[in-house]
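Engineer: In case you want the letters, here they are:
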Amino acid sequence: MDDHRLHAVPGEQGSSGAQVADTLLAQVARGDAGAFERLYPLVAGAVYGLALRVVRNHALAEEVSQEVLVDVWRQAPRFDRTRGSAMSWVLTIAHRRAVDRVRREASQADRAARAAALAPDGQDGVADQVERGWEAARVHHAMVRLTDPQREAIELAFFSGYTHQEVAGVLGIPLGTAKTRIRDGLIRLRDVLGVER
Amino acid sequence: MSTENLHALTGAYAVDGLEPAERAAFEEHLATCPECRDEVAGLRETVAKIAAAVEVTPPAGLRGRVLAEVARTAQWTPDVPDAPAAALGSAGTADLAAPGAAATADPAARGSSGIAPPPGRRQPAAWRRWAAAAAAAVLLVAGAVAGGLAVHQHQLDQAAASQQAHMMLIATAPDAVSHAVALGTSHVVMSQTMGAAALVGEDVPMPGHAGMAYQLWMVHSDGSTAPGPTFVPDHGQVLAFVAGDLSSVTSLTITEEPAHGSAAPTGAVVASVAL
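Line by line, the protein sequences give chains A and B. First residue of the first sequence: 525, per the numbering used here; consecutive thereafter. First residue of the second sequence: 26, per the numbering used here; consecutive thereafter.
For reference, chain B alone in the conformation it holds in the complex (with noise of 0.2 Å):
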């Protein structure tokens, strides 16, 4: 199909009339077309007001229902930022541009829609229990070197197995450096030819404010400054990435933000690195 065609494909694909295999076509072009990813985005909002003006109160059971299963159901991971699905539209994917707010990759998570489901993903915050996926790793590399890999990988979660692979290839690259960070017992594990870091640590204390979290920066050679991702502890444990060229940035600093973060740092530097 021409793109011309594809393009013309934008109303039809915003209110779901695309066909299995035509949808997975359409998004393979979201992918490498800017123009049509703007005009899904815009028609997805636009469907999404005349959605949400025909509310109808839901069943009084559904509530408590919902609440029951959510306690039970693990989160995703957030999204790699080079992963392909990355470029559709407002369906829960990262943006390819984004310096890098996003743990690691799941391929089985990462459907071009987005939207399915993985399967057998039961374990309560597997993503953030970067202990395990440490710990695991080691493992990973032992069962590696005698051949017996998939032995060990299948005990794992598969947030997990991804997260620790997306920081042993970090931590294992040729070029890679640790940094000590003043923020509980933290350190950053760059490369630059993976063009990624990881901020690991444990004891790390909980932001001064409540509901306040910490969030990354790169400090570029220039003085710019761009925003990583943010990241609050659990059990005093952190995990973060960041993504990109990291080549001209000279130090990563740590400050707190608002939950959601922010464009640019507006809190105190709680702790700084020079790379």
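One chain only, chain A, in its complex shape (with noise of 0.2 Å):
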């Protein structure tokens, strides 16, 4: 019930927390070790829920996540909050070397198999695992709102770290219609999300 009353109000505890996340790191930029320990309760799971969405691996997904977090504190000096969030900036991070390390670890062969094996029955989509709060309930019901291609092709890039030739080739689309599909999707996602830009 604490759950509901914390999201009763949509939106408002998502955008406080972000502003404290924003807080934090600018502290952080200043090499405040404390704003760092402050900072890690409101990011870590974000960084380790997409590290093991991209690795699909326990153990290494622990390992991408260690990097990302000390990088975070390594290049906070260069957050730029004018040019976006901190948690876009450390999910950018993660991602980076998320998809990094999948490429270097894995084939495309066997990054379809890991996704195969962490999605039975193709239950593993975006729009079945987002599950918490209301910022989770908004973003699937952005995901919703794609087309079933768009979708697709989001998650192949966003989530199997497949290159957006590797979305062409796997769906045997043409590589103009795999970039439209991503770029369209994220599109209507940002206007569906009401993120500002």
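There is no bait here: all hints are sound.
For each label pair, taking beta carbons as the anchor points, the in silico distance ranges come out as: (1) Gly261/B to Gly541/A: 27 to 37 Å; (2) Ser287/B to Ile697/A: 44 to 54 Å; (3) Thr210/B to Gln689/A: 58 to 68 Å.
Read the hints as simulated data drawn from the structure, not as lab findings. Glycine is no exception: its CB is placed at the ideal position from the N, C-alpha and C atoms.
Using the supplied hints, reconstruct the complex from the two chains, each of which is provided in its own coordinate frame.
Structural biologist: Shown next as structure tokens:
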């Protein structure tokens, strides 16, 4: 019930949490280790969740998460909040790291096999996984507004770490179509989620 | 690849779906295309929201290992305002248009992605040790004169080296001028031709309120104020850079502001210097 109460005011908790992360990261940028400790619980779950989704292996996800979180500390002086939120900055680092790792570690076939292993009966799609709170509900709502081909292309690229060439290959579509599906899908998500830009 | 084709890559770039060569080409394009930059930033916020919705509780041991590694890991320097990579999206680089909240260049660390860690950077908080950097600058001058630049340079922490190089460029410019600043024992050295100024000081007291920082401001002849970097003394020492066209700047002021800085001064002026 606590959970219900916390999310009773749509968006409020999420936005204040995001602002706290922005402020803390700015403090981390000045070498404030205490601020980093306070930032950790705000971002670690999302970093680990994303890493796990991409690398599909708990030990590897933990390793990637450690690299990412140390990178957050190391690179914090380069964070510019006028160019994006702290969470977006952190998850950009996390995703890049996870994708680099999965491309290095596994062939495309391996990745497909791993994806299948963690996704029995195809139940591992984004729209099925997101589960918590108001923000998650909004994301779910946005994901189901995509066309199936858009959702498929974004999931392959974002969560399976496929390049857009690989997305085109796997889906048997022209490269230009793959590019367009990814971009159009993301733009629709952006608009549905009301991301400011 | 045509510009139009490049523009279509914003989505693939935002989900890290480009091959390395393509990624590099697109980042080059980003540096010159504000439209793509904005779109990438928005799409990155979007995928962050999607990613953040799938939180998974990390293993219990992770926190301890991360904090231990952080304790022995040096931070990068802030990015330079004129770095080409500053045009990047939200990967942690400075804004080209920002009036100069930045220290100095570190070409090795300024990878196009802003993500690949630079090699061999383990000295804690090296970028703030301006005193060491300043001393090294003297060595550098001597070394350069003797033709032995590399001999000295290899001894320097990379970040300190680039900071002192930046300071030297300002301080040794033909038109460099220096002004005392009533904040501890500080002075500002500036050069119009370099379009840059450095505040260096020691025995600087901590800001009066915990969690606050000093912020440097450029006051223009028309009375407008442009924000500069925030800084906090490290063992009493401070070093801060501003960059940009200083020709219409009539004075620099320092106020106490929240740690992340303000867009316009909100605190009382703690020091001011007419230029």
